[in-house]
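> Residue numbers for the sequence shown follow this note's numbering, so the first one is 1 and each next one is one higher.
Do not rely on the hints blindly, as some may be mistaken.
[What the hints assert, rightly or not] Here are the simulated lysine to any residue pairs, SDA-like style, with alpha carbons at most 20 Å apart:
(1) K42 x L55
(2) K59 x P47
(3) K42 x D71
(4) K59 x S90
(5) K42 x D74
(6) K59 x L84
(7) K42 x E25
(8) K59 x D100
(9) K59 x D74
Honestly, the hints are just simulated from the structure, not real lab data. Treat the numbers as computed from the prediction; the structure is a model and nothing was measured.
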Amino acid sequence: MPNLRAMSNGETSRFVRLHVELIMEITDTRRLTGAAVDHIDKDPSLPDEERRQSLEAVKEDPADALAHLIDPFDLVTAVPGTELAQASWSSEELTDYDPDAEWDAAEWDLADDADGEG
């Protein structure tokens, strides 16, 4: 379950920071890259130079391809009574991830890591 923490100092705030960490397994690099290329090609808002750089990046790195296809807005757009105020995201290849290792909830407590508690 994601961690929700009000962004305030004891006062009620309308703003909440939602920490979500996903680990995705890439099962078909070619399909992922192809989808990212299609997505970039169909984006009318991209200037030519940014489009060229984006296409180069997704062809070289599946993590970049994934980042071009995931949009935080899509995660919250259907949540009633909310509006996305700010979002950022990135992706990285995990070289030390063991999918067979037992999951340790304390290791993934993102809210505590972010604010120094924990």
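> Now tell me, hint by hint, if it's right for this structure.
Evaluated hints:
1. K42 x L55: Holds - the C-alpha atoms of L55 and K42 are around 12 Å apart, at most 20 Å.
2. K59 x P47: Holds - the C-alpha atoms of P47 and K59 are around 18 Å apart, at most 20 Å.
3. K42 x D71: With a Cα-Cα distance of about 16 Å, the restraint between K42 and D71 holds, given a limit of 20 Å.
4. K59 x S90: Satisfied, since the Cα-Cα distance of roughly 17 Å is no more than 20 Å.
5. K42 x D74: 18 Å, holds
6. K59 x L84: 30 Å, violated
7. K42 x E25: At roughly 25 Å apart (the allowed maximum being 20 Å), E25 and K42 break the hint.
8. K59 x D100: 29 Å, violated
9. K59 x D74: The given pair, whose Cα atoms are some 24 Å apart, is violated under the 20 Å limit.
In this structure, the earlier hints numbered 6, 7, 8 and 9 are contradicted, and the remaining ones agree with it.
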